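Numbers in my numbering are just positions in the sequence shown, counted from 1, shifted up by 1157.
FYI, nobody ran anything at the bench for these hints, they're computed from the structure.
Owing to the predicted nature of the structure, the values given are computational and were not obtained by experimental measurement.
The reader is advised that the hints may include incorrect statements.
[Unchecked claim] When the alpha-carbon atoms are kept at most 20 Å apart in a straight line, the in silico EDC-like pairs for lysine to aspartate or glutamate are as follows: (1) K1199 <-> D1211; (2) K1394 <-> D1364; (3) K1339 <-> D1226; (4) K1339 <-> D1215.
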Amino acid sequence: MDRRRLEEGFLLFAAVVVINKYRLPIEVLPCDRNDLSELVAKQYHDAFVKKWGDHVCDSPGCKGVLIMDGNMKNARQVCMCKHVGELQFDDLQGTVVVGCQNTPAKESRYCSLHKHHATTFKDDVATSENTQKDETDTLIVKILNEKCALGRWKKELGKGGKFANERILVFAKPCAVVVDVKELFGSEGKSQVYAHVHNLLNNTVMDDKGVICYDDACHLKKFAQNPVRSDLTEIAKRLKGMKMVCDKFHFRNHVDSWCKVNCNPYSTTDLEVIF
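With the sequences and hints as input, model every part of the structure.
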């Protein structure tokens, strides 16, 4: 038997096992593995959030605290073509403009759809050196002119180098149980982070969450309290009044007085024995 046929057969079998185990509403499975992946991704994700969102243990804060963190180690390369894709989120108006979300083609910085955007006969070594120098100079200026430098720093991450990267945003409980994982395209921007946490809190298993712990809580809190979006949905109203604090490790970088007053992790009893 051909190895690829064996892999596809095992994938179909594994999909049937999971569908039966969690009673997912899928009646017909396509044989093509790409079509199969697109079909089951949403159902698998919803089942994952429901299973681990319901988790409650004796660890302090497990029931009421939601921890968020962007992770750049678990990343994949994406096409370098900018401003050609949009992310649409349920119950939120508008879209978030991002670059192409496809993986680059072999030996290229662009996917097969955008190969024609590639610049030919370019000195990659010289470009990389100039980019690193410009990035260093830019970061120095940004940090010197920004009291709370964390948000500026996070925007600059990932701009240098030869490839655009996708990273992930992890949602977890204080007991280290992961309840959701989302992709972030480009920088760890407020729009994407806000939209993902809005979607997660729309699940009934998240109704008990009253505190968000996030390293860039100050910018997320201001974004959520902006009148432009703070009353658009019931979840938006909930986020507007939700307690958001920085984690204790990153709080030392938040030197702005607003951050110290509104996002201090030491000011809430919910986090006394956490981090």
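Checked hints:
no.	hint	result
1	K1199 <-> D1211	18 Å, holds
2	K1394 <-> D1364	13 Å, holds
3	K1339 <-> D1226	11 Å, holds
4	K1339 <-> D1215	27 Å, violated
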